[in-house]
Amino acid sequence: MSTLSFLQTFYKNFFRMTNCNILSEEKDSITVQLTKEIDKAIMHRPYYWTYMETIQQEGIPQKVCFTTNDKTANGYTLQYDTPLYNRTMSWLQKNTVYGVYYEAIHTNTETMLYPWLLLNVKIGYEGKIHTEEIISIGLQLIHGIIEFHMMEKLAEKSLQEKPNDYCYTIAPIISVLNGYKQMDKAINQYLESKSYEWAMTSYHEMKLEEKIWEKHDTNILNNEKAAMYKRLQPKIHVEVLQGALIYIRNNQFRTT
Amino acid sequence: MEIKVHKDHNWIQWYKENELQSTNSNWGLFSLYYNMLQKRAHKTMNQLESTHYIKNTTMLPHQKEVCEKVLFSMNGRAILADEVGLGKTIEACFIMKELLVRKMAKKILIIVPASLIYQWEKELRLKFFIFPTVYKKINASHLDDIVLCSYEQVKRNRKIFEQHCFDLLIIDEAHKVVNPKTINYQMVQQINKKYCLLLTATPMKNTLDDIYYLIQIVQPTLFADIDSFRQLYTSNQSIFRERLSRVLVRNQRQDHINFIPERNIETKFIYFTEEEQAVYDQLKKQMIQSKTPHWVYLKQFCSSREACYLSLQKNEPSEKQLLSEIASLPHHIKAKVLIDLFQTIQNEKVVIFTQYKPSQYYIQWYLQQHGIQSVAFSGDLSQSNKQWMVEQFKNDKQVLVATDACSEGINLHFAHILINYDLPWNPMRLEQRIGRIHRFGQKNDVRMIHLVLEHTIEAHILRVIYQKINVFQASIGGMDKLLEQTMNEYMVDS
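Going line by line, the protein sequences match chains H and A.
Each number in my numbering corresponds to the 1-based position in the first sequence with 5 added.
Each number in my numbering corresponds to the 1-based position in the second sequence with 983 added.
It is worth saying that the hints were derived from the structure and are not from the lab.
Mixed in with the good hints, there may be bad ones.
Unchecked claim - Lysine-lysine pairs mimicking DSS-like chemistry, simulated, CA-CA at most 30 Å apart:
| hint | chain 1 | residue 1 | chain 2 | residue 2 |
| --- | --- | --- | --- | --- |
| 1 | A | Lys1274 | A | Lys1303 |
| 2 | A | Lys1105 | H | Lys240 |
| 3 | A | Lys1052 | H | Lys158 |
| 4 | A | Lys987 | H | Lys230 |
| 5 | A | Lys1026 | H | Lys162 |
| 6 | H | Lys230 | A | Lys990 |
| 7 | A | Lys1047 | A | Lys1086 |
| 8 | A | Lys1026 | H | Lys186 |
| 9 | H | Lys32 | A | Lys1105 |
| 10 | A | Lys987 | H | Lys99 |
| 11 | H | Lys230 | A | Lys1052 |
| 12 | H | Lys190 | A | Lys999 |
Said to hold, decoys possible - Here are the computed distance ranges between Cβ atoms for each label pair:
| hint | chain 1 | residue 1 | chain 2 | residue 2 | range |
| --- | --- | --- | --- | --- | --- |
| 13 | A | Trp997 | H | Lys190 | 18 to 24 Å |
| 14 | H | Thr114 | A | Asn1029 | 26 to 32 Å |
| 15 | H | Tyr52 | A | Trp997 | 26 to 32 Å |
| 16 | A | Asn1378 | H | Glu244 | 55 to 61 Å |
| 17 | H | Gly64 | A | Lys999 | 33 to 39 Å |
In this text, all values refer to a predicted model and were calculated from it rather than measured experimentally.
In this text, a Cβ means the ideal position worked out from N, Cα and C, and glycines have one as well.
Construct the complete structure from the given sequences, taking the supplied hints into account.
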């Protein structure tokens, strides 16, 4: 799937999952009746909503025709990194930061569901060029087993917000806080196992630059020297973007 | 080696505070967001990631090469000095997009000439989906992440811009900032930046030193000081050029665009009539002591009676005798030669450049007298008027008479004859002029005609231009034709 049609599918799913009615769908446009929540989140009209609140009115969410034809690129164009896209992503980030989910099992025998802590982590490798990696880690909160590629493994199952009948959850032995600490260690180990070529290249260039700077008057060009460090000093940035408590059947994963 | 690891523990903090509150999160949205994050993670070290996120533009091979070089080996600090028409703007936009996609830059400042602001804004928005803020008035307390503004705006708000720290600074038409004594230069040097791109087709405006001062903005450590810069140039040109190539990239049209047509350059020597020459000599003699350098008047006189008369009247009103002599001269020989030229040109579109407004009006009027329709184009026109003038020229009128204000950013590729009615001292201005017609979309070979009065200051200017071009070629490298090649040795030696 090309990167752009990926975005279109993304938006269609987004509107469907947030209960915004898709009224019509053409080749390069999609007309949607937004809900109040999504209108507030992505359409950026704070004055309207503040005004409605001051006069104690409900306010009417917009009906919008979003286009994927970007010849005119305006506020209604579906594209990466537009203000609209950025608002959508930050709403998603805020609303999916944490949740509790259960495996969907249709059964009439008693089934035990095991607790897992799931963390989706962004790791930025910042040298002369920045790269980024999203890793997904799961920790079983009974025995402390750790699994990588958790989201990909969960993709085989279907999850939902409520447990089905006859499904019982086992209470965690390891608390989320302790689990988080263990996973933090696992992330450290993961980082240590990575190749550091990118950092070495950057570091060597930085050392070379430092030598050259010795011959120059840094008083006048102090900012420039600081900027050099900003460009070349290798750094790693780790940030948990999403977490969830997940209840699933045991022994489901093939060992990796 | 030590790598700093920064861990953001906001999530667990959030969890401690909000654990028991019910969330309206659902698994669908949870995975939707995750999949988008995974999709957008930029994993490669040495490939352009931004190309996935741009739809209406494809990069030409030489542009791709420039972007990769600037990003992966020059650490995002460079002078983009491609010849006019090779797409420096596109290259800069691609580099900007790449830095944004990789989250290497967030706060960006783009400084361009006021007349190009809307062109830039449109290009960024439609082709690159970058949405810069164009301020009418700049407010001290807040600047948006991506700011597009003119030199004047930055100058007026120097204090504000100096307080900020920009991840990326882009300066278009950077030959405006080569003189360290000017406010423009000082203000640019004061701006804090991590990455920096300077765009100019003409990095050497007048002297070799211009390049040094441009480099001082991008990579101040490249040369120890100006003396060692000059010295390296005189002692070893190949090392000098190698050093320069670490900070300056330059593509030439002839290497990259095989369908770009030829440049044919002609110099037409003209001789003053006896009475004109007499007045010229007198002017030279009398003005040698004047406040304004005398060559200013001589240059104007070579362009038109009107240009010289008006400026003389303003600055030296006491020279009644001289003024009346100028006023009583018949039509300028150059204007007559111009009309003769039109006999051979027939109905082709022609762009005429002059440095002086009075000459501009005079040429327009004189052409009109001979049944040739023209439009005048100068810097004080508003943006929409400029567009209108270009349309007029394209559709109805045969000639566009322009002053140098026209020589940046305007696209006149539908014409292919250019006449330099008078010569500027600076060869880069000639390059800017011819760049209006010798660019993408030009289908015919381009003809540039210099009108030069022999035995006057104009012949001297021509010689100076030849010399400057030779220095340029020795330092930065090749340059497309601006003058007739065959005359080079003769001109430089004499």
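Now the hints, each set against the structure:
At roughly 17 Å between alpha-carbon atoms, Lys1274/A and Lys1303/A fall within 30 Å of each other, so this suggested pair holds. Distance hint between Lys1105/A and Lys240/H is unfulfilled; the C-alpha atoms sit about 36 Å from each other, more than 30 Å. About 40 Å separates the Cα atoms of Lys1052/A and Lys158/H, which puts this hinted pair outside 30 Å; it is violated. With a C-alpha separation of about 19 Å, the suggested pair Lys987/A and Lys230/H falls inside the 30 Å cut-off, and the hint holds.
This hinted pair checks out: Lys1026/A and Lys162/H have alpha carbons roughly 28 Å apart, not beyond 30 Å. At roughly 26 Å between alpha-carbon atoms, Lys230/H and Lys990/A fall within 30 Å of each other, so this suggested pair holds. Proximity of Lys1047/A to Lys1086/A is assessed by CA-CA distance (about 20 Å); at most 30 Å being required, the pair is judged to hold. For the suggested pair Lys1026/A and Lys186/H, the alpha carbons sit about 27 Å apart, so the restraint of at most 30 Å is met.
For the proposed pair Lys32/H and Lys1105/A, the alpha carbon gap of about 25 Å is at most 30 Å, so the pair holds. Annotation: proposed proximity of Lys987/A to Lys99/H holds, straight-line Cα distance about 28 Å (limit 30 Å). For a cut-off of 30 Å, the pair hint linking Lys230/H to Lys1052/A stands: about 22 Å separates their Cα positions. Taking the CA atoms of Lys190/H and Lys999/A, the gap is near 19 Å; set against the 30 Å cutoff, the hint holds.
Hint check: Trp997/A to Lys190/H, Cβ distance near 21 Å, so the stated range 18 to 24 Å holds. Between Thr114/H and Asn1029/A the beta carbons are some 55 Å apart, a value that contradicts the proposed interval 26 to 32 Å. Range check, Tyr52/H to Trp997/A: about 30 Å between beta-carbon atoms, so the 26 to 32 Å window is met. For Asn1378/A and Glu244/H, the Cβ-Cβ distance of about 58 Å falls inside the hinted range of 55 to 61 Å, so the restraint holds.
At roughly 35 Å, the beta carbons of Gly64/H and Lys999/A sit within the given window of 33 to 39 Å.
Checked against the numbered hints given earlier, the structure breaks hints 2, 3 and 14 and satisfies all the rest.
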